[in-house]
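Since chain E is already given, all that's left is putting chain W on it; use the hints.
Protein chains: 2
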Amino acid sequence: MNKSITIKSPATIANLVCGFDIIGLALEEPFDLMTLSFSDKPGLRIRHVDHYSLPEKPAENVAGAALLSLMEKLDDSIGFEMTIDKKIKPGSGLGSSAASAAGAVFAANKLLNNQFTTDDLIRFAMNGEKVASGVKHADNITPCILGGVTIIRSIHPLDAISISSPELFISIVHPQIEVKTSDARQILKEEVTLKKAIKQWGNIAGLVAGLMKSDYELIGRSLEDVIIEPIRSILIPAFEEVKSRCLASGALGGGISGSGPSIFMLHKNHSSAEQSEKIMREIYSRVGIEHKTYVTKLNHQGIKIK
Amino acid sequence: MNKSITIKSPATIANLVCGFDIIGLALEEPFDLMTLSFSDKPGLRIRHVDHYSLPEKPAENVAGAALLSLMEKLDDSIGFEMTIDKKIKPGSGLGSSAASAAGAVFAANKLLNNQFTTDDLIRFAMNGEKVASGVKHADNITPCILGGVTIIRSIHPLDAISISSPELFISIVHPQIEVKTSDARQILKEEVTLKKAIKQWGNIAGLVAGLMKSDYELIGRSLEDVIIEPIRSILIPAFEEVKSRCLASGALGGGISGSGPSIFMLHKNHSSAEQSEKIMREIYSRVGIEHKTYVTKLNHQGIKIK
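Protein chains in written order, with this note's numbering: chain E, 1392 to 1697; chain W, 1392 to 1697.
Just so you know, not all the hints are guaranteed correct.
[To be verified] Mimicking BS3-like on lysine-lysine, the simulated pairs with C-alpha atoms at most 27 Å apart in a straight line are:
#1 W/1580 <-> E/1586
#2 W/1695 <-> E/1604
#3 E/1521 <-> W/1586
#4 W/1586 <-> E/1571
Think of the hints as simulated: they come from the structure by calculation, not from any bench.
Here the structure is a predicted model, which is why all the values come from computation and not from measurement.
The following block holds chain E by itself, in its conformation from the complex (with noise of 0.2 Å):
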């Protein structure tokens, strides 16, 4: 049995633009470095090294309550140690809370020679995404852990899918400004038409066949969304701005990461990708707002061992 072991978590895309909740995917970059440990002494301790000021506390940490919740499953003599290196920005839109959650769950899971299935795995880290948000939410950690575009059909009971998808390049950019989960789910209607849910679900049904068959264009064409991001882009400066330049530059479509402020777009090939991230950098240099910015690729593995 191994005594310890360190993963890369990658950060993750939830909700893909018109898949609202229920679609997600893996970026190879950027990534969180965690060493999980076996210790003699019963519990959970946990050591942040990067500069974030999360809480170490097991509970109050986002990973503590993850892995918490699967040591409820052990003997209360079994302790651990975890050292976490976050890469991935709270608050950025990319599935930060979920690397962390996901991440802390699988590094156990590995040690204890994979007695979890990957549906315990994604139920434990949603205990940790609901210290981060308030709501168990699994469309960021189910691609954390599964790798590639997943779907979450339904979250009780769980129901998560992989789909098979073309090799996707992905633009990214991150304005430094605060958009909390929390306000970014309070601002959107209650209700909507019906004749928008239809609109919606048919660029849903086109973006599952466009990624299972390669299609490039009809993944373009089915990147829409004309419920959720109408309402959220408000809250991101120069989102339009970015979007319709980029699409004119070729990317394939794009729109909020998660509940945001990143913005992403999904590409057929690298280069692609770096002109966009050019013209993220541009805008928002004009604009004044500090970013940081990502040119990276479908991670088809999910969570690897170092």
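Chain W alone, transformed into the frame defined by chain E:
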């Protein structure tokens, strides 16, 4: 150039439970028989050899209206004679009007050496659907022409997508009560809760993924409609009993075909479909409603030349 063609234009199931207005599939049976011939006399003449007393004046006839809209693109001197033997009962919810509309333009296109694209044919046929229900929709026409399972991502602009599917057997009961498409549409609420819309699009994503992965269990779990069925099923006597007993006997899932009143169930094999058919017959015999049943399977080809 052929002077005459006879085709079998199949029944179709629109909506497919969760995919309201966007998903449809083609059936092997029942089907309409249609013969189209060039005529030396310009214009279009229609003759029905069935007993449904449908209008034979081209502009008032579903197949006629569709074909007239195709003929607008042709030389004025071209004339057709069309004979229709309708075997799909109008008002059954099995795409009877779509079979007429799609069949007419498909047959004409064959006589014209395929000068129109499939998208053209869908657009022409929608003009026939408009005569039938007052609304242009393509969710029956598209599977009728393309076969298999299809998605209509958008009507304006038209975006019709074929997706792969495993072999599926289908049991159907048509209780002989009248449910007009226009009435079935009117009772729907114009607004839905975001919560239910999310549940619905999870099921749609699951259904598309299940079909494309040939995952029968996922197809079954995804055949759930939280928006339309609870309202429309009230119009169909014994709906709940039919559905619950067929599910208990092994059907994957099912619901209202199109806007009803037919009820369909999907099955992994023929014997399961036969069991459901037996249940359907038993229930409507007991309730005392005239009914017709079918056991058929997915039609991967769509309209066939006889």
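task = Against the earlier hints, flag every one the structure doesn't satisfy and list their numbers going up.
result = Failing hints: none at all.
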